[in-house]
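Chains H and C, in that order, give the protein sequences. Note that our numbering gives residue 73 to position 73 of the first sequence, counting from 1, and the numbers run on in steps of one. In our numbering, each residue's number is its place in the second sequence (first place is 1) plus 1000.
The hints are simulated quantities; they were obtained by calculation from the structure and are not laboratory data. There's no promise every hint is true.
SDA-like, lysine to any residue: derived pairs with alpha carbons at most 25 angstroms apart [unchecked claim]:
no., chain 1, residue 1, chain 2, residue 2
1, H, K22, C, G1293
2, H, K22, C, L1297
3, H, K46, H, T134
4, H, K22, C, K1067
Distance ranges between label pairs, derived from CB positions [unchecked claim]:
no., chain 1, residue 1, chain 2, residue 2, range
5, C, M1310, H, R38, 33 to 39 angstroms
6, C, F1271, H, D119, 57 to 63 angstroms
7, H, S124, C, L1020, 38 to 44 angstroms
8, C, L1323, H, G4, 17 to 23 angstroms
9, H, V24, C, I1062, 28 to 34 angstroms
Under 7 angstroms between C-beta atoms, here's a sample of chain H residues computed to sit facing chain C [as the list claims (entries may be wrong)]:
no., residue
10, A19
11, S59
12, N96
Please read these numbers as outputs of a predicted model, since none were measured by experiment. Ideal Cβ placement from N, Cα and C applies to all residues, glycine included.
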Amino acid sequence: MANGVYEMMRGLWQTFRSAWTKPVTIQYPEVKRQVSKRYRGRHALKRYENGLEKCIGCSLCAAVCPADAIFVEASEQTDDKRYSPGERYASTYEINYLRCIFCGLCEDACPTEAIVLEDNYELSFETRESAIYTKDMLLDAVSAPNLPTPHKVKPGSFNRSVPEMKDPVD
Amino acid sequence: MVIDSSMIWEWVIKSVAILLFCTVGFAYTTLYERKVLARMQVRWGPNRAGPRGILQPVADGIKLIFKEELIPAKADKLIFVLAPVITVIPALIITGVVPWGPDITLGGRTIHLYLANINVAVLYIMSITSISVYGITLAGWSSNNKYATLGGLRSTAQMISYELALGLAFVGPILLAGSMSLQDIVAAQAKSVPFILLQPLGAVIYMIAVIAEVNRAPFDMPEAEQELTAGYHTEYSGMKFALFFMAEYIKMIAVSTIGATLFLGGYLGPFLNVAPWLGPVYLIGKVAILLYGLIWLRATLPRIRYDRLMAFGWKVLFPLALLNVILTAAGITLFGGK
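All chains should be built: construct the whole structure from the sequences, respecting the hints.
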């Protein structure tokens, strides 16, 4: 009996004390949680420093995707209308976020590091159609001095689809 | 006492004031509870509707008004509709006998800050609280639902068991003041000390018994979510559910008010003879402290098992309350009461 009352008092003291600690709540729409560096959020298609798209339309991401969420259609390109350094480029690139399981295998499979899962986790949508993100929604914006693709380039200046790459670091 | 038309107006205004205090108090007690519970669980609690969430009760009310009202096909319809009313009306009228302050003079007439000064106020409280158990039992029975029936039955058994201890806890202040009128009990505390100092055991027994009486955690057997979905109000929705909710919170306020009056000196406090309007402020402050205690217990203690609830009520609380009565009576005989 006395022990029970003691334990009860300890419990009451615990709740009373925690009422004076700072709440752990993150006030979501105003304050956003800092995600980890390796967080797998929404995909982004990356560009090179000169503004060309990294994606060469090889469809390896679509092949490896366990949920069959990615659809890629590649097209030929010329030096007059150049999208990517390779022979071909992705004329269609769609990810269905109703299917995607955010496993990151597409990122692992990509030979040019074109597709990256970034930290955007605000992926709500109201219709099935709006769950499908098209290429222009996924592609990064061009940075200041560069023009949007396609570029007109000197013939023969790009002959290599897959760039020289270093081991990835965090 | 002369009964004239202004007297009747005074009564009407005071009744409306009590009803408003109860209903607005109900709304803000829910917010108070959610805020305090949240802080004890290291959260912020509602803070979106209005500054710091003060419009949350309004938002809840609007939501409940627009919800669908469902009556189960095989329910006893008349009793099903009547039960929430039977539960909420007693809760609203309990506080009618509680004084909120000393007499004040306004425009040449003395106004008593209470609705009724009846000489058996404590008995009145006991009988009115017993009526509201009918509402809960009938709600459980008329729903024609096994969970609701079990909740109603538990409620009956629990209230009968704890009402004994509650009644005996009332006896201490009655003996000390020599009266059943709450006005006299407060006046007796003005002459000596708040009765919690003379009746610590009585005050503890009172608080435990009223938690069982208003069906709050850790004694929320009749509405145990995990076992009985929602107990006696499983089948209720919309405003009928809101009435049960209202009854529970108004009863919380009522028992806190009565507890403050019996044991904490009611409206008494410093500077009362200079500014009589401080009386209601002191009373509300004491009620807020007692409500904090009720919420604090809910935040801390898990629900106790049904057989242990019964064993505790009959084997621990009831004998302790009897002992308290005997000790009080002996003390008054030896040292002189009043």
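task: Kindly indicate which numbered hints from before are broken by the structure, ordering the numbers from low to high.
output: Failing hints, ascending: 4, 5, 11 and 12.
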